[in-house]
Structure formats: C-alpha cells, structure tokens
Amino acid sequence: EAAVTQSPRNKVAVTGGKVTLSCNQTNNHNNMYWYRQDTGHGLRLIHYSYGAGSTEKGDIPDGYKASRPSQENFSLILELATPSQTSVYFCASGDNWGVDTQYFGPGTRLLVL
Amino acid sequence: AQSVTQPDARVTVSEGASLQLRCKYSSSGTPYLFWYVQYPRQGLQLLLKYYSGDPVVQGVNGFEAEFSKSNSSFHLRKASVHWSDSAVYFCVLSAGLLSGSFNKLTFGAGTRLAVCP
Chain A
1 EAAVTQSPRN KVAVTGGKVT LSCNQTNNHN NMYWYRQDTG HGLRLIHYSY
51 GAGSTEKGDI PDGYKASRPS QENFSLILEL ATPSQTSVYF CASGDNWGVD
101 TQYFGPGTRL LVL
Chain B
1001 AQSVTQPDAR VTVSEGASLQ LRCKYSSSGT PYLFWYVQYP RQGLQLLLKY
1051 YSGDPVVQGV NGFEAEFSKS NSSFHLRKAS VHWSDSAVYF CVLSAGLLSG
1101 SFNKLTFGAG TRLAVCP
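Just so you know, the protein sequences line up as chains A and B, in that order.
Just so it is clear: in the first sequence, position 59 is 59 by the numbering used here, and no numbers are missing.
Remember, the numbering used here sits 1000 above the position in the second sequence when you count from 1.
Okay, chain A solo, but in the shape it has when bound (with noise of 0.2 Å):
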C-alpha cells in the first residue's frame, strides 16, 4: 500500500508569514494532490501535479502555491498565510491519469493567528 507522510503535522503560523507544507510519498506515484478539509465541506482541491515539475490549480487555488520538485515530494506554499487559512491539510498520492485510488497522508493542521 502507498506510503504517504507530510511534516509538519501541526503547525502556528502568524498572518503574513510564509507556510510550506511539505508532502512525501514512497511508491512512485505520478499524481500528487493538496486538498484541505474544513467542516461542512468535505475536501477540496487546492493544485494537483502529474509529474516532476508540473502543478497545476485545482477548484480553490488562490493564494496557495505549489512545487512538485522530485516524483516523491510536493510542496504546498502559503506565501502570505491569513486566518482564513486554518483547515486541515491533506496530501495524497495515486498512479493513474484516469481513474484511480487516492492515498492519503494523515493531514496537517495549520492555525493562522
């Protein structure tokens, strides 16, 4: 089964500092996901990459960054963090352009202040 980890697991943040939210998987995996999870909403998708040096935006993008620097590792960045930021965040991980089965990592929980 697919390995996903993401460090840190919980994070304070002050409002406009910089966030990175890192994600890493160990099953070679070509797509790799960054959604968040607040109540009532389920989890959106914030960018997504199918591959070593692509990103791309997902339903709710603004201002998130992404890098997918290596198979393995992708990014999330919040270059200007405001308290509207604070969910829960989750990476994930899956093999197939079409349909296939998404691996979660345990999330990470980011509070602005």
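Please keep in mind that the hints were generated in silico from the structure rather than gathered at the bench.
Mixed in with the good hints, there may be bad ones.
As the list claims (entries may be wrong) - Straight line, CA to CA, 27 Å or less: simulated DSS-like cross-link-like pairs of lysine-lysine: (1) LYS1069(B) with LYS57(A); (2) LYS1049(B) with LYS1104(B); (3) LYS1024(B) with LYS1069(B); (4) LYS65(A) with LYS1104(B); (5) LYS1104(B) with LYS57(A); (6) LYS57(A) with LYS11(A).
Could you slot chain B onto chain A? The hints should help.
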C-alpha cells in the same frame, strides 16, 4: 458539473445494529464512486469503490455499497456495526479519464457515525 450529497451530517446507532449511510450523486458522465473513512486524527482510507458491473460492491471490514443509476445513489451499508466503526465517512465521485477532469475527486461533506455501546 459534479456533486455529491450526503444528507445526514451525523448518524448514531447502537453496537450490533445495522447501518446505512446515504449518498446521492450528480454526474454528467459515467460515475466512478468511492467510500472513504476517516478515523480521528488520521487521513482518509479507502473502504470500497465502484467502477462498473455488479451494483453491489464489497469493501473492507464488512462494508458494502449499492450503486443505483436510476436513483443516482451509492449508499453504504453494514449488517452489524462495532464501536470501532465510529468515524467520518465520505462518499466521493470521480468523472474519470474521458471527462478530461484528470481524476479530480468530488467529496461529499461527510457523515459522522457514532456507535454507542
């Protein structure tokens, strides 16, 4: 446009009772459907998935789901729940490759299941 509706935000059942969690979907193309479970402070884990064929699909830990195209539904069932089944359950829809949507998933809001002793 795709959407998933889980009409019950919270469900409480007694241990040993049967369970049904409801899910309605809307999709312009062929729907690919999943149920994921999220235990406290953990990521999402796949319970089962439906692509085609037999409308009743079996998953892990005794869960099953039934796909109905006529009702646009994909309800999750379990014959006898255990306290360890307490978690949040998400119904998820993918439009798949032919839609050009790059396997983007659409999540329902989730149903929080509480199993009482």
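Given pair status - LYS1069(B), LYS1024(B), alpha carbons within 27 Å: With Cα atoms ~10 Å apart, LYS1024(B) and LYS1069(B) stay inside 27 Å; holds.
Holds or violated: are the alpha carbons of LYS1049(B) and LYS1104(B) at most 27 Å from each other? Given that 27 Å is the threshold and the Cα spacing comes to 15 Å, the pair holds.
Next pair to validate is LYS65(A) with LYS1104(B); report whether the Cα-Cα distance is within 27 Å. Given that 27 Å is the threshold and the Cα spacing comes to 18 Å, the pair holds.
Check whether the Cα positions of LYS1104(B) and LYS57(A) lie no farther apart than 27 Å. holds (11 Å)
Holds or violated: are the alpha carbons of LYS57(A) and LYS11(A) at most 27 Å from each other? holds (24 Å)
For LYS1069(B) and LYS57(A), compute the direct alpha-carbon distance and say whether it is at most 27 Å. violated (31 Å)
Violated hints amount to a single one, hint 1; each of the other numbered hints is respected by the structure.
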